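A.B. asks: In terms of the numbering used here, the sequence shown opens at residue 1 and continues consecutively.
Calculated from the structure, these hints are not laboratory results.
Hints may be right or wrong, so weigh each one.
[What the hints assert, rightly or not] Mimicking PhoX-like on lysine-lysine, the simulated pairs with C-alpha atoms at most 20 angstroms apart in a straight line are:
(1) K4 / K37
(2) K4 / K35
(3) K57 / K4
(4) K35 / K25
(5) K39 / K4
(6) K26 / K37
(7) K42 / K4
(8) K25 / K37
(9) K57 / K26
(10) K57 / K25
Computed from a predicted model, the values in this text were never measured in an experiment.
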Amino acid sequence: MLGKWLEHDPILEVIAAWPTPQSLKKAGRARIDAKLKAKGAKRHAAWAQAITGTLGKQTVVVAGTDAAGVVLPHLARQLIALHAQRDDVAAQVEALVEAHPLYPVLTSMPGVGARTAAIFLAETAGRTFPTGAHLASYAGLTPVTRRSGSSIRGEYVSHAGNKRLKRAMFLSAFASLRSDPASRAYYDRKRTQGKRHNQAVLTLAHRRILTLYAMIRDGSLNHPQPAQQLPTTA
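Take these sequences, add in the hints, and give me the full structure.
C.D. replies: This is the structure in structure tokens:
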């Protein structure tokens with residue numbers, strides 16, 4: 001059950017200290033909780049409870065558990081070291097991105113941080129886009145009309161394009177819903193028009209990448225305007 005939490009170093013520290021179900025049971029919830037808390041886990045109490053609760057339901061001892069107990073601490077320590085290296089590389093990349101002349105332009109758009117800016121710059125480096133539509137198409141964010149014979153059956157977003165850039169723009173658009181009233185209003189309008197959540201976010205991402213293109217072309221910063229309030233009637 002710890003597999004889904006292996007990205008968290010405090011969990012890896014627990015595995016390194018008590019690599020088998022038997023050693024975890026012997027440690028007990030209080031010691032596991034203390035270890036998680038000492039290593040900076042915010043949800044230490046919930047995780048400790050989940051671990052000990054699962055152990056209480058275990059009735060079968062898997063063959064090879066003792067051998068795994070020898071190997072797992074080493075693997076856990078290696079993962080912790082890899083996480084530290086990854087964080088160090090990410091910090092170096094972030095410093096390089098912040099020095100890029102387009103960084104202030106990109107990050108002036110709500111929802112675009114250093115990571116999104118880094119992906120945008122990396123995935124578009126060395127490429128020329130005559131128009132914003134070309135950039136949107138490259139990112140796979142251009143709506144495609146679905147046809148059947150002579151009838152039009154609606155729009156969908158293409159599965160082609162640069163998947164890393166598309167995902168970055170999708171997550172950026174989703175993040176902007178919490179901080180940018182204009183993005184929220186546009187999303188809500190698309191939802192009212194019948195689009196599902198992902199469709200509405202992708203449509204917003206398409207709109208935003210067109211705006212980014214214009215900002216980069218003009219060297220201008222984004223100055224989002226508050227969403228206009230509809231007049232109320234008595």
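A.B. asks: All hints are to be evaluated individually against the structure, with a verdict given for each.
C.D. replies: Results of checking the hints against the structure:
Using a Cα cut-off of 20 angstroms, the hinted pair K4 and K37 holds, with the two alpha carbons roughly 19 angstroms apart. This hinted pair checks out: K4 and K35 have alpha carbons roughly 19 angstroms apart, not beyond 20 angstroms. Taking the CA atoms of K57 and K4, the gap is near 18 angstroms; set against the 20 angstroms cutoff, the hint holds. For the given pair, K35 sits about 14 angstroms from K25 by alpha-carbon distance, which is consistent with the 20 angstroms threshold.
Proximity of K39 to K4 is assessed by CA-CA distance (about 18 angstroms); at most 20 angstroms being required, the pair is judged to hold. Of the supplied pair hints, the one linking K26 and K37 holds, its CA atoms being roughly 19 angstroms apart against a limit of 20 angstroms. The suggested pairing of K42 with K4 holds, with an alpha-carbon distance near 16 angstroms, which does not exceed 20 angstroms. Taken as a hint, the K25 and K37 pair is honoured in the structure, with Cα atoms around 18 angstroms apart against an allowance of 20 angstroms.
The straight-line distance between the Cα atoms of K57 and K26 is roughly 15 angstroms, inside the 20 angstroms bound, and the hint therefore holds. In summary, the hint linking K57 to K25 is supported, as the alpha carbons are separated by about 11 angstroms, within the 20 angstroms threshold.
Hint violations for this structure: none, all hints satisfied.
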